[in-house]
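J.: Chains as they are written, first to last, in our numbering: chain A, 1 to 175; chain B, 1 to 204.
Hints in this document: simulated from the structure, not taken from any laboratory. Where hints are given, some of them may not hold.
[As the list claims (entries may be wrong)] Some chain B residues close to chain A (C-beta under 7 Å, calculated; not the full set):
| no. | residue |
| --- | --- |
| 1 | Tyr68 |
| 2 | Tyr107 |
| 3 | Gln190 |
Even for Gly, the Cβ is constructed at its ideal location relative to N, Cα and C.
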Amino acid sequence: MLDVAVAYNRYKFLGEEFLTWIWYVIEKNQNLLKSFDPDFVALEIGNRIVFENRRKESAERITIKGEGAGLEEGVLALKNGALVTELNMVYRSAELVWRFTLKGESLNISRLSIPQTDLPESDEDLEGYLLEKLFLYDKLLQFFKNLFAHFVKLRISNDWQGKETATIRKWIHSS
Amino acid sequence: MSLSSSTVSITQYNVQGKFNSQIIDTVADGLTKHTISDIDQQVSDKAVGWTSFDKPFQPDFSGSSFVYGNYFIFSLRIDKKNIAAKVLKKHYTIEAARRMSESGRDYLSKTEKKLVKDHVLNALCLRIPATPNIYDVVWNLEESSLWFFSNLKAANEELETLFSKSFGLSLRRIFPYSAADIYSNLTDSQRDELQKISPTPFVK
Numbered sequence: 001m002l003d004v005a006v007a008y009n010r011y012k013f014l015g016e017e018f019l020t021w022i023w024y025v026i027e028k029n030q031n032l033l034k035s036f037d038p039d040f041v042a043l044e045i046g047n048r049i050v051f052e053n054r055r056k057e058s059a060e061r062i063t064i065k066g067e068g069a070g071l072e073e074g075v076l077a078l079k080n081g082a083l084v085t086e087l088n089m090v091y092r093s094a095e096l097v098w099r100f101t102l103k104g105e106s107l108n109i110s111r112l113s114i115p116q117t118d119l120p121e122s123d124e125d126l127e128g129y130l131l132e133k134l135f136l137y138d139k140l141l142q143f144f145k146n147l148f149a150h151f152v153k154l155r156i157s158n159d160w161q162g163k164e165t166a167t168i169r170k171w172i173h174s175s
Numbered sequence: 001m002s003l004s005s006s007t008v009s010i011t012q013y014n015v016q017g018k019f020n021s022q023i024i025d026t027v028a029d030g031l032t033k034h035t036i037s038d039i040d041q042q043v044s045d046k047a048v049g050w051t052s053f054d055k056p057f058q059p060d061f062s063g064s065s066f067v068y069g070n071y072f073i074f075s076l077r078i079d080k081k082n083i084a085a086k087v088l089k090k091h092y093t094i095e096a097a098r099r100m101s102e103s104g105r106d107y108l109s110k111t112e113k114k115l116v117k118d119h120v121l122n123a124l125c126l127r128i129p130a131t132p133n134i135y136d137v138v139w140n141l142e143e144s145s146l147w148f149f150s151n152l153k154a155a156n157e158e159l160e161t162l163f164s165k166s167f168g169l170s171l172r173r174i175f176p177y178s179a180a181d182i183y184s185n186l187t188d189s190q191r192d193e194l195q196k197i198s199p200t201p202f203v204k
């Protein structure tokens, strides 16, 4: 097994390619996402994307913020060789909505808000309240766990080097 | 950070190792042995330990109080006394002046300066209450997974150390490589492929 620090640094790019691929999937292949959640409604880009371009001599970082922010600059960053390093997303399943940011290098989740639940009225209600909260956290985490597992299998397959990379390149250049 | 907050941060872990029997008793024992101790009116400037999720200032792990359905829920509490540098400097200067006056000298040796600083720090620590920081922990034993409600590096490091000390199990942090290894159910040949991959050039 690789040393933790070595593995963390060596495979940062895997998380960043995952986020870049998610953006592509959101734009071009929402049907794939349905297979991970029977109640799936949509996965959308939220109010913040961070890009990093390590192809340049000094790594360049670009942040796009704000609701409904134009993503043209983001596409331009991809065309210049940047990858998505942080992605804020909105996940909709059935009538419910989750908002959160996923960081590529660590897969850490931040700024996560889950669908609202009723506050417990008494100590007896606490367990039910907590289990409902945990169910809502788990739903999002399971979705991304399965999506990441799918991505990894695709990433190490021959399909990645052939078909998938070509399709992503085409999407970047035609956007 | 509490799992009940309107927005949260989560760091995910895989729990390495399993308990053979008396799981709830073993976890309760680990939590009780490493419960946070109060350092107010004490010389210590920092304390790290477990506390109850629902009563973070009156920790109590008796009667399976940390078990909710299939989950164990408790909190990591880090109490720290933050002494502002300017406050420390003020009290150090006063104490150093007092000692010089008592000794009739107009200087303090290096050792004396250190003793004065330690004395002032201890005196301030006795008077200043600790600031508590509470981070919730959700442990799913069946799935060997654990969610820690913070992305702060220092808090995550304290969690990893205390968890290992308390339960004799280790935590493997989820990041791209470990997630690929744990979540993707890879065959040996796929694992070999994973070792070989390098960044994809999406642009030429």
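J.: All hints are to be evaluated individually against the structure, with a verdict given for each.
T.: Against the structure, the hints:
1. Tyr68: Because about 5 Å separates Tyr68 (chain B) from the closest Cβ in chain A, which is inside the 7 Å limit, the hint holds.
2. Tyr107: violated, 46 Å
3. Gln190: Cβ of Gln190 (chain B) sits 6 Å from chain A, so the hint holds.
Hint 2 alone, counting from the list given before, is not met by this structure.
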